[in-house]
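Peer 1: Put chain B on the given structure of chain A with help from the hints.
So the sequence lines, in the order shown, correspond to chains A and B. According to the working numbering, the first sequence is numbered sequentially starting from 35. According to the working numbering, the second sequence is numbered sequentially starting from 35.
Everything labelled a hint here was simulated from the structure, so no lab data went into it. One or more of the hints may lead you astray.
The list cannot tell twin chains apart, which means a pair is met if one copy fits it or any two copies do.
[Said to hold, decoys possible] DSBU-like mimics (lysine-lysine), calculated; alpha carbons at most 35 angstroms apart, straight line: (1) Lys124 x Lys136; (2) Lys124 x Lys147; (3) Lys134 x Lys105; (4) Lys147 x Lys105; (5) Lys134 x Lys124; (6) Lys144 x Lys133; (7) Lys144 x Lys134; (8) Lys105 x Lys133; (9) Lys105 x Lys136; (10) Lys144 x Lys105.
There are 2 protein chains.
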Amino acid sequence: MKVKQVLLGAAILASSVSGPAVAQQAQYVQIAELEIDPAQLESYKAAVSEHAETAIRVEPGVLVLFAVSEKENPTHVRVFEVYRDIDAYKAHLEAPHFKKYKATVESMVKSLKLVLTTPISLAAKSQ
Amino acid sequence: MKVKQVLLGAAILASSVSGPAVAQQAQYVQIAELEIDPAQLESYKAAVSEHAETAIRVEPGVLVLFAVSEKENPTHVRVFEVYRDIDAYKAHLEAPHFKKYKATVESMVKSLKLVLTTPISLAAKSQ
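Isolated chain A (complex conformation) (with noise of 0.2 angstroms):
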C-alpha cells in the first residue's frame, strides 16, 4: 500500500491550514444514524452494501459511504456519507439505486436520523 491520501482527504488536509473559512468548503459530509428490525438485519446489510457499491460505482459526486453497525447493539446502524457537494446528493436522492434502496429497506428501517457535519479533517491513505 503506498502512503498517499485520497483526493478527498488530500483536499480537505491542504485546506484545514488556511483556517475554518476554507475548511468549510463544499463538500457535504452527513451520519446517518438507523435503527433496523433484527429480524432483518441482514437483509438490511445486503441491501445497503448493494446500493453503497453501486453509488460509489456510478455516481461521480458520491465519494464515501461506509456503512457499520455497533457491536454492542448490532441493530443500530451508522453511515458516513461524504458527497462531492450539495449538489452531488440532491442527485444522489433521485438516482434509481437509491430510489431502489430506499424502498427495499423502507419495511426494514425502524427509524432513521440523518446528523449533519462540517469536516474538519478527512484524512485516508490510498491503495
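Peer 2: Chain B only, in chain A's frame:
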C-alpha cells in the same frame, strides 16, 4: 478523479459478498464521540487535524481518520477511525504523535465515548 475504490473499500466490498463471517474481518473500526470545550474548539480542530495527517502519513496500519463536527452542535465532534487490525490500533495508541495529541487536547475534551463497530461496507472513491 478515477472511479477506483480505495484498498479498504475494495477489501470489504469483496468480502461482504461472502457473508457475515467474512465481513467481520480483522479491520478495527470505531467511532469516537467527543464534546469539546467551546472556548477551545478551534484549537481542538487544529490539534485533531495535525494528528490525523501525521498518523495517516507515518503509520502503515492507520487507514482512515475522518473528523467532523455536528452542524447543529459544533462542539460535538465525531471521528470515524479505520485501522488495519487490532494490532495496528494498539500500535497507534503507543505512537508519539498520538501521545502528543492526547496531552495537547486533555484540557479541551469534556467527554469521550468510543463506539466499537462491525463494518458492513466501506466503499469510497480514490483519486
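Peer 1: Confirm or reject each hint.
Peer 2: We went through each hint and held it up to the structure:
1. Proximity of Lys124 to Lys136 under the C-alpha cut-off of 35 angstroms is restricted to the intra-copy arrangement: shortest distance 15 angstroms within a copy versus 38 angstroms between copies.
2. Taking the shortest alpha-carbon separations for Lys124 and Lys147, both the intra-copy value of 17 angstroms and the inter-copy value of 32 angstroms come in at or below 35 angstroms.
3. When the C-alpha separation of Lys134 and Lys105 is checked against a cutoff of 35 angstroms, the pair qualifies both within a copy, at 28 angstroms, and between copies, at 29 angstroms.
4. Within a single copy, Lys147 and Lys105 get their C-alpha atoms as close as 19 angstroms, and across copies as close as 14 angstroms, so both meet the 35 angstroms cut-off.
5. Taking identical chains as interchangeable, the C-alpha atoms of Lys134 and Lys124 lie at most 35 angstroms apart only when both belong to the same chain, with a minimum of 16 angstroms there against 40 angstroms between chains.
6. With identical chains, the CA atoms of Lys144 and Lys133 are at most 35 angstroms apart within one copy only, with a shortest distance of 18 angstroms there and 40 angstroms across copies.
7. Taking the shortest Cα distances, Lys144 and Lys134 sit within 35 angstroms of each other inside one copy (18 angstroms), while across copies they are farther apart (42 angstroms).
8. Proximity of Lys105 and Lys133 under a CA criterion of 35 angstroms is satisfied in both settings, with 28 angstroms inside one chain copy and 26 angstroms between copies.
9. Taking CA atoms no more than 35 angstroms apart as the test, Lys105 paired with Lys136 passes in both settings, with 24 angstroms inside one copy and 25 angstroms between copies.
10. Within a single copy, Lys144 and Lys105 get their C-alpha atoms as close as 18 angstroms, and across copies as close as 24 angstroms, so both meet the 35 angstroms cut-off.
The structure meets every hint from the earlier list without exception.
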